[in-house]
Amino acid sequence: MKKLTPLSRWLLDVAGDQPIAIMNETIITKEQISEKVAMWQTILPLSSGQKWAVYHSDAIEFFTLILALWQSDCTACVPGDNCTATVERLKTSVTGFLGEFEQVSPQYKHIEQVTNQPFSWVEIERSFPAIEVYTSGSTGEPKPIKKSMAQIDDELCSIEELWSFSERSIVLSTVTHQHLFGLTFRLFWSLAKGRLLLTKHSAFSEDIYHLASQYDQFILISTPAHLKRLNHQLDWSNLQGKCEATISSAAPLQYEDSLYAAKLLHAPILEIYGSSETGAVAWRNQAKVETDYWTLLPNITLDETDKGFIVKGPHIAAEHQTLSDNIECLSANSFRLHGRTDRIVKVEGKRLSLSKMEKCLEQSTWITLARALVVTKKREEVAIVAELNDKGRELVQQHSQKWLAAQLKESLKTSFELVLLPRRWRFVNTLPYNQQGKLPMESLQALFETTEVKWPQELARTHIDDNTWRFSFYVPKELIYFDGHFEANPILPGIAQTHWAQHYGREVFAFEGRFNRLEAVKFQSVIFPDSEVTLELEYNPFKGKLTFQYISKKGVHSSGRICFE
Amino acid sequence: MTNLKLELKNMIIDTLELEDISADEIIDSEPLFVDGLGLDSIDALEIGLALQKKYGIKLKADAKETHAHFASINALAALVESYKETN
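Respectively, the protein sequence lines represent chains A and B.
For the first sequence, the working numbering begins at 1 and goes up steadily by one.
For the second sequence, the working numbering begins at 1 and goes up steadily by one.
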């Protein structure tokens, strides 16, 4: 089995005719890469000790830029995207931008001609700060994480020691190299091993299927977001025996999703646990339900200290040894994960600081308090429960909840990736605190359950005196009672109003008698979808009668008495 | 609105369980992704699966072409129409 070439010596040691990658069905050799690196070195105004941001959708174009930087003793900053906010943020910390940055000039994106000067390459020192990647910390601000040449090469050695896959496999990927997992597993590992990689990543199952069918053997680098959505209607049996392994990271795969992907790809689904801070730490293959635990990579140790769990290893920097996950140790080298210790969550594999999102929303002049959470529907989504102030409530009256949500969502666009923008909003007058003054996650989650909607959305309830309660309701348009009542002009049926009065009455007054009859019921003005109403309930325990009245700014909608046996 | 376009809008709303938009609010020519409806890459995967399930359309392994088909309701409708004609 072929040994790894350290990336620090890659330009010196890899043979010129060695095929490295496939770009638009054409093989790129080491020689071609060397020529480009030399050319970049003559074009770029690089001087020792600088930092340059690099973004390119083509993995090999990206790599040639990185090599040119390293050869000139410059650090490569690798941002996750090339959007304007990122360019603005990096402007003060980098000398310039290389690759696909439309916002800057001059642009260093392509080179046409190549140099015919002989090359002379230097070996990169192990302590050299080779790359800087970014991740959102608990405050939500992207923070830089430096990786030395030694960390990169040592991590590759540990991975290779664990999984020494064939160098004949072609590397396909649904992830880009602009994030650490893709950078390490898709790009650097392939380059060090001499395994051919495709320079473009694939966005859809169909791409993977189509590409994989062209090669005898492949390795797939992917994430749960893609693996659980592999299109099962494609005839994957055509690929049987071709997939040597699939490696997944970014978030843990659900057990069912792991089995699903393993069945379609006819291959082991190997998961990596780690972070941008630590690099790869542990792995698992959930082929059976009892193998849901993680095993440390070779050369890594895990210890519990008074500061929490600490991982140590040759590629883990001292300042990044503390894990932010809750760990349950099973043995010296195996453990289970139980969520984060801070309020960082993963949404479809993307990291989000819930605190940051809440802080952003609370800066709005319409919101007093906001809680962000992740709800799982067809996909994982961010959902918001927000307490509105008077101004906010006024706007809802003037426009609608939907309008307000759209404004707030727009305001978050500059600070959050599209995948992380909230898709579900609940505006309440008070957050659903329980009697202990805590805000239970179940109460927040319950606001997003979309089984048949039979109840109003409770905004607030007030205990007026022993026999009187007042409820504030939002009447959502999704109520099943609006269905066909009436087709073009939906209004809330009277029977639903009395039903609600009885339901909430029983809840607060705790009477048990059976419904007997209605008295003095009047429906004066209709209640429309998407409106707010107040329900006043008064219970006379001696007569067993519950008096109800629905009112709003428009006046009294309905009133009456419900008599119980 | 043609039936097909309405059908596609409802397919998107149902597939993605969008709760803050109704079919008549999706504009035929507006971008579905990022700027217009604000859908993202995960949604693209879900819509790809839904197209296959509902119309039997297999996406070609050409990301650029797929991207063009997913540009708007008009583009999606054209994709479905041309698929129906050739099959």
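There may be inaccurate statements among the hints.
Said to hold, decoys possible - Part of the chain A face toward chain B, derived, beta carbon under 8 Å:
{"id": "1", "residue": "204"}
{"id": "2", "residue": "225"}
{"id": "3", "residue": "226"}
{"id": "4", "residue": "405"}
{"id": "5", "residue": "521"}
To be verified - Covered stretches of chain B (chain A as the covering partner; in silico rule of three or more C-beta atoms under 8 Å from a C-beta of chain A):
{"id": "6", "stretch": "26-32"}
{"id": "7", "stretch": "73-85"}
In short, the hints are calculated from the structure, not lab data.
For every residue, glycine included, the Cβ atom is placed at its ideal position computed from N, Cα and C.
Hint by hint, here is what the structure shows:
The interface hint given for residue 204 of chain A is met, as the beta carbon of that residue sits about 6 Å from the closest beta carbon of chain B, less than 8 Å. Among the interface hints, the one on residue 225 of chain A holds; its C-beta lies about 6 Å from the nearest C-beta in chain B, closer than the 8 Å criterion. A least Cβ separation of about 7 Å between residue 226 of chain A and chain B falls short of the 8 Å threshold, and the interface hint therefore holds. With a cut of 8 Å, the hint placing residue 405 of chain A at the interface with chain B holds, because the nearest CB-to-CB distance is about 6 Å.
Hint status for residue 521 of chain A relative to chain B: violated, with the closest Cβ pair at about 33 Å, above 8 Å. For the stretch 26-32 of chain B, the assignment as covered by chain A is violated, since 0 residues bring a beta-carbon within under 8 Å of that chain's beta-carbons and 3 are needed. By the rule of at least three residues with a Cβ nearer than 8 Å to a Cβ of chain A, the coverage given for the stretch 73-85 of chain B is violated, with 0 such residues.
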